[in-house]
Amino acid sequence: MADFFLNVDADGVAIITWDAENKSMNVLTREAFGLVEQLIDEALADDAVKGIVITSAKRDFAGGMDLNVLASIRDESGENPAQGLFDFTMNGHRILRKLERAGMDAKTNKGGKPIACAINGTCAGIGTEIALACHHRVMTDNPKSKVGLPEILLGIFPGGGGTIRFSHMVGAMAAAPVLLQGQMMAPKKALSSGLIDAVNSDPVAAAKEWVLNATDADIVKPWDKKGYKMPGGAPYHPAGFMTFVGASAMVHSNTWGVYPAAKALLSAVYEGAQVPFDTALKIEARWFTHVLMNPSSSAMIRSLFINKQALEKGANRPKVADETVKKIGVLGAGMMGAGISLVSARAGIEVVLIDQNQDAADRGKSYSESFMDKGISRKKATPEQKEHVLSLIEATTDLTSLADCDLIIEAVFEDPAVKAEMTKKVEAIIPKDAIFASNTSTLPISDLAKASVRPEQFIGIHFFSPVEKMALVEIIKGAKTGDRAVAKSLDYVRQIRKTPIVVNDERFFYANRCIIPYINSGIQMVGEGVAPALIDHAAQLLGFPVGPLQLVDETSIDLGAKIARATRAAMGDDYIDGAVDEVVFWMEEQGRLGRKSKAGFYDYDEKGKRQGYWAGLEDKYPRADDQPDLIDVQHRLLFGQVLEAVRALEEGVLEDIREGDVGAILGWGFAPWSGGPFSWLDMVGAPWAAERCDELAAKFGKRFECPALLREMADKNQSFYKRFASDAKAA
Amino acid sequence: MNEAYIYDAVRSVRGKGRKDGSLHEVTAPRLSAVILNALKSRNNLEGHAVEDVIWGNVTQVAEQGACLARTAVLASDLDESIPGVSINRFCASGLEAVNMAANQIRGGAGDAYIAGGVECMSRVPMGMDGGAIAVDPAIAIDNYFVPQGISADIIATEYGFTRDQADALAVESQRRAKAAWDDHRFDRSVITIEDINGLSILNHDEFMRPQTDMQSLGALKPSFKDMGEVMPGFDKIALMKYPHLERINHIHHAGNSSGIVDGAAAILIGNKEYGERMGLKPRARIRSTAKIGTDPTIMLTGPVPVTKKILAESGMSISDIDLFEVNEAFAAVVMRFMQAFDADPDKVNVNGGSIAMGHPLGATGAMILGTLLDELERTDKETGLATLCIGSGMGAATIIERV
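First to last, the protein sequences are chains V and R.
Position 673 of the first sequence, counting from 1, maps to 673 under the numbering used here, and the rest follow consecutively.
Take the position in the second sequence, starting the count at 1, then add 1000; the result is the number in the numbering used here.
No wet-lab data here; the hints were simulated from the structure.
Using N, Cα and C, we set each Cβ at its ideal position, and we do this for glycine too.
One should not assume that every hint holds.
[As the list claims (entries may be wrong)] Partner residues are not named here, just some residues of chain V that face chain R (Cβ under 8 Å, in silico):
(1) M250
(2) V251
(3) W256
(4) G257
(5) K263
(6) L266
(7) A533
(8) A538
(9) Y613
(10) Q627
[Unchecked claim] Below 20 Å or equal to it, Euclidean Cα-Cα: the simulated EDC-like pairs (lysine to aspartate or glutamate) are:
(11) K1241(R) - D626(V)
(12) K313(V) - E655(V)
(13) K1241(R) - D632(V)
Just chain R, same shape as in the assembly (with noise of 0.2 Å):
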């Protein structure tokens, strides 16, 4: 079997995903081509030189839609030889993209891909896109469908977490982030948007509330307590999925869930004889990549179960991964990963995740696995997992190895 390895990684600065977001005024396809040109000309990429781009996008409609992975080509310096092709695993989308680069490579099916994603969820934005899931009622009733940020209330009413336990984990991923770049720890990987006359319109993660702290997010209030308990009364369909529950216990809210912003990143990945064809040199190795599905309600709990598979498959335990990445979707998520693998919170996430810099859907997951090899590096340590939970169940993971 081929290896498949990590040449490099980038990734754009994360804009507010609002109207007044610095990124709002660029375009999805000319984002994603503003990353792409940024691998292009760090790695000599002319002609023919990958298979594919595998790009990641979960709102898949408006300028997102009709294949944004071969139009953001098309848009970008990337020879027209190159197809593209968009995947939507949701929230993992931008893994997966890699996952899926990293297996082609393995089972011979072309020497090198592009692999990464983009989300412009201040231009198009979540759920526009419709989805039989939420409002099919044979579908919907069927599987207990609730929103999100009900089923990340489940985890932490089942898993027993608090409101001040997502807060304190919010104040840290804020702290974290801000030393992470006040330290320079992502100058490696992060890329500046330039408008078309080369000037900077955005060069720092705008997201960012470093001066976050306990009181601040104490005067938040719960997002998703309404929609629980009064209309339409998601909590009800949670209790009866969970009967042995009395009632949800409402803990998060926008400081303590991953940020909507707009943000791409894009990985370079390819075989060994690749690497040396292109005089580049191998960063880490993609030892193996995971998928699951998991119970569709609670629905974000799936970084467990596929951690347990991923680890299982490699032949690994928990304590051969020196760093992780789990994605703050929700603050409830990264607890539960931590608690179910008794993991050292100095392990995980340790320069902040996406409740301090956001969580661009569909390109978060090439971003965290950049920002996990990045840290790996910097310590000088072996052996790090990726890993998110996914919108309707789902779970997907990836350990990378340096060399």
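So that you can see chain V by itself, here it is in the shape it has in the complex (with noise of 0.2 Å):
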């Protein structure tokens, strides 16, 4: 197998192109890595090679590196897979390092041949950090390629050298945001960050010509160089000092303290400021490998990024023919339908929007023109793209107008009677194989189905609320709902480019099920006097993006409210919140339904900013003299949400668990360090998850008694990743 290929042009420049055997995208493996280094050998060896361009043969130049590698190398290390891991990163440092000195002598840094990466792609991970060891880098000027370093948004970082490299280059605080945040950034706004040199339209060219007029001086790296400072000053220099100071502060209030990798990667940083560069990248190895011992960065990747992306690629799909959605139908025009057109219609698909009467209609379509007028002023969207997403959608009242459409979604009111009418006037219209779908999020879709006179076509298409912005999709299945409706909507999502996951039908679904628990844990301890303060931060200590009672003012309290009565009425003994809903119906009649009535357990300014939390509660709810104990906050939130997936798949709701993990990060933000709550049990072990669920039912009641499913996956030591590894294919 060969990825890389070397060919010495009439210029006497050795063009290293890269592209990976069968494979649309170039991503870095083992073997492959050896090779550059044989590559970059037999050229620095070749007398009439004056320099070298590295480039891709794909439109893009690089993914990264391939993830599994990581995983097989701890898995092949045996007994000690850190010094497995460790002695594969210290190999990469050692051939980049021998491409960076390229041949040049120790002493006086003379006699190396140029090379430069041109970058005719989009570029990421390995790829940005074999680039960034070349001595120059131009890349293409098509805007939709991006260059980065992502690794952090799989809980790693960039451990190629890219972390000691480029902040080596540009400093601590300009390495900062690159590093950390992980953008991967179009050609101009990467030249400004320092990432690349240069922006051209022939990259290859452009490249070519740098490499066959640089001189000596040209490839020295300023490490290389006697006198090297670190450009905005090393920790103990003045500047540097308040740099690394409020790095520190800034990393530990962004992370909430619980990704492993942001602070491994400042570490990184920090001490490899103060030692000369090759013990910086050692430094830069351990950091790199602790991270990968870490099994937060393990369960990030498999569910952020492998299994995340199977899901996308049709995991689950049912083996029926293409079901390439032309035209949707989105039947009611409010805030959920005026989303489902603009994703839609931005992914190049006709729609029709409908209302009951034309005003809504256009105030619905009327979203997705302000949605791209705002991406125009922010230089995201063009006049043209705009036009072009507006011209794609029909608002109007006439049903007639949905004939051709070969999917449904209809988002009306809340409500069995409205739907069930929908339901019926719009089949009378549509075409015989369409699709219909609900985007309702509490109601069941069998019952709904049953206004449909074909049922097996018939299915839930769950959005979150706000559209554009949510990259979940839940698909739930009726009782009746066939193959070809499942792939439909999994083909429909694809094309918008969200995750979706396919959910059996029981109340709530997936999602809604868990973040109920989660909501009513909180409001819970309201009423049992814990401090507001403390249960809200409690989560975001956990890694949740909202506490819970901001969560609940933000879906509205009166929607809490109704969803307890049916709850309640469809529960009846079996029913748990009673002290919830002392609590939400108290803060009902109070009219403190959330930030909608700038009233709820926050108070809100007149603009409808969130302030303090409201003095009343501590009047009604005396706040007690002994409050809890962080961790028992915590695990009432978090355990909540746990076990209930848990149930989920003990019923059969959940097929996968990778659906259970992928759907509950990107949901509802479940702690994404932890890579969702089967990894979450898989990582602190099912007898101790088993135990402490003893404990907090003990304590807390009902809520936490724990599942049989986990029951007896404690008792035989199971994990869920294995147990279910079968049916699930899981990574």
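Take the two lone chains, each set in its own frame, and fit them into one complex as the hints suggest.
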């Protein structure tokens, strides 16, 4: 297998071309890394070669490291995986350092060959790190191509020299946003960040020209010259000191202390800034190994990269023919309908947006207009794109416009009678083979399907709000839903570039059934006199983006009260949330409905900006003298969700734990560092979790009773990803 | 066990710790030497008169570097046979020097010591010595590092102290310091700083602002609000550590926090035989000493646990103490001490403190112990306790008894 090819052209420039076999995107394998070294050696030894240009034969330069490599090294290294990972990383440093030194004399820095990287398309991870080791980087001017170091988003950090090289190049202050936010940047932005040196419509030609004109001095890195000083100051330089004090504080507060990779990255930069470059690379390798040994990084890679991609590529798609959506009908132009229209039109799908009167339909369409206007003002969209998006949306009251739609998404008022009426009316108009989906978040799909004459073509497609921001779409199979409806939904989600999970039809499906105990546990604690700040902070300290009280203010108390009444009626004696409802109903009586009424658990100013907690809470529910331990508060919030996920698996709502994990993170922001509820349970171990359930149930009630499945797994000391690997084909 | 006695205590006047401060022209070795010389001449410390000079000093770089204690001995009239050791327990360095000296004597290692300290904050600014605690991510993050001012505001938030209460304490510190100076209560210990020709450079604590009132303090902006709420946002670190708090109440400012000043202080400590041999009369017995580590984020609550510890170890209760010196690093530190022990404000810092007169880091501990002793004598009381809060979460305390 050869992934790199060497050709020396007539001008004496060796072009090393990356063209990974049988892949559409270059990802670096272990073997290929060895080949890079071999080709560099060859080119450096060849007297006919004046310089080297590294580029790619694909549309893009590189996607990064093959992430399975890291897992396999860990697995192969037997008793001492840290040694295996460290050795592997150090070998990478050795190869890139050889490339960087390019055969020059150690003392005089003379006699090396210039090496430039022609970044012909998108370039990420190790691709960018190879480029950074080169002496010059030219990138294509195509604004759709992006370059960056996104490792941090997967719970690791650039460990192929990228952290040390880039911080040594531009200084800690300038490197921080690129390394810590992991943003992929268009060529212009990358140029101003210092990540690349030039932008050109023909990067290979420009790189060649640079190589042919480069002098000995041009190819010596600043840190290989005498008297190197880190730009902006090393940590114990007065200016550098302030930078590093601030950096620690900001990394700590931005990550709520739960992302080990960000801390490790910063330590590598800090420690690396105080020693010679080769020692700095060794330090980077030590911290990189440390992060790879942390179970959080493998869990994040598994859920947020490997399994997310698998789901997007249709891992659970029934084997039926292509169901790409051509024209979609959206019923109801409220917030959800407007958002669904927007994301569909942006994906190039024709949209018919229906509402009862033309004004409402137009308002729904204008949502797309103002979204695109915002994009234009932020230079993220063009007026042409706006025109195109708007031209695809037909806002109308006329149901006959739906006659040639192949997918309908109903997003009308959450009332079964209203929905049933719409289903009947619309099914009479749309093609016989069209799929009809409901965007309901609370009503059982099988019940709604009773209004349909074609229940096998009836399905739930549950979007999260705001539609254009939330990456997850929950697809719900009713009792009679057929494969083609599932395939159509999955193909549609792929078209709008979101991530799907497919679940079965039970109360609140998957996501909402897990969020409800989170919110309810939080509200229940308010009733017990727990400091509201402790409740929300406890959640944030677990890595949840929004605490339960803030969340309920956003979703509104009256919605909570409505759900509570319905659930109560349905569950009868099994209902466990009486103590929660007392608070919820009281808040509703007080007219404190949340942000929309500018009054909820929080106070809000005139403009709706959140202020402090409402003082009235403490009058009604006096602050307990003995506040609970943080860990108890956290576990009440966390186990509420996790156990609900286990029950969803137990009851068959979830068919694949990968969907449970990916869905939890993307759907409601479940602690991403954990990799999702099932990954978290595997991390802490079923025996510990079951024991903790018993303690929590004894102290805080039925909600925390250990599900039978978890109990059984605890007894057998099983992990979810091993036990469910065969049916889930989980990585 | 030997007993350790205080035979004499001196301190310099305090100069504003800025470029326009009167002592800015005086080097740290010289300021140290002037104080050491004063102690020498008052007590006839000829030859190898003491075992060691234990010298508290926080920012041990530049002219305060390279064992300033020994440099100070060489710069002074003390005999070269007397060594010197610089120590750093941040703001309690001066008191820790005394405690170490006392415990050496009690343990039998030498008859007598000079203990004290110096800080020329105008010349060697705070923080110039770097320090990993604030800047090394692996340490700063794991320990929820925040700067001291944020810690002081956390104390105020956690224990419910208002801006008005803090300002009132500051006004009272200024009033008491002025009254003490007017009443010549510091005369016995204060050393005027003179130049090489014997000309006076400074003869009073120049940081004091006796005209301070609630209104003038009310006009001051909180000092730590921006670094707390905006860049780099230390409040969030505080809320992560103390999640039951909703927000940090920023009450401290330049007027209710200790002043940045230049100053030095020295105390002569010896056993009983030493006094007899030298013809010196012991003024007080160092009854007990203590130090403790505490939560590094709220950082400055150390005086409470260290006082509990020293009382327990001495078999005493809070009511056995006649007078307290609690370093006024920040108003909330003293308020927390008084709250925890229900201490009578009329017994705490009766002659003002660091808010009015300033806090020369390495010297303050020795200064307040001397002030405490002078006041016990003046009011003919028996027992006093001095304590300081300390950076990175520590506390130190000393109990003295008149003999």
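Q.
Less than 8 Å between beta-carbons is the criterion; does W256(V) satisfy it with respect to chain R?
A. This hint holds: W256(V) lies near chain R, its Cβ roughly 7 Å from the closest one there, short of 8 Å.
Q) Is K1241(R) within 20 Å of D632(V), Cα to Cα? A) holds, 15 Å
Q: For the hint on G257(V), just tell me whether its beta-carbon gets within less than 8 Å of chain R.
A: holds, 6 Å
Q.
Next item in the hint list is Q627(V). Is there a CB on chain R closer than 8 Å to its CB?
A. holds, 6 Å
**Q.** Interface hint outcome for Y613(V) [beta carbon to chain R under 8 Å]
**A.** holds, 6 Å
Q. Going straight from one Cα to the other, do K313(V) and E655(V) come out at no more than 20 Å?
A. holds, 17 Å
Q: Verify the proposed pairing of K1241(R) with D626(V), using a straight-line Cα cut of 20 Å.
A: holds, 18 Å
Q. Minimum Cβ distance from V251(V) to chain R below 8 Å?
A. holds, 7 Å
(Q) For the restraint on L266(V), tell me whether the closest CB of chain R is nearer than 8 Å. (A) holds, 4 Å
Q | Interface restraint verdict for A533(V) against chain R (beta-carbon cut-off 8 Å) | A | A533(V) check passes; min Cβ-Cβ to chain R is 4 Å, inside 8 Å.
**Q.** Restraint satisfaction for K263(V) [CB to CB of chain R, less than 8 Å]
**A.** Nearest chain R Cβ about 5 Å off; hint holds.
**Q.** Restraint check, 8 Å cut-off on beta carbons, for M250(V) near chain R
**A.** holds, 5 Å
The structure is consistent with each of the numbered hints, conforming to all of them.
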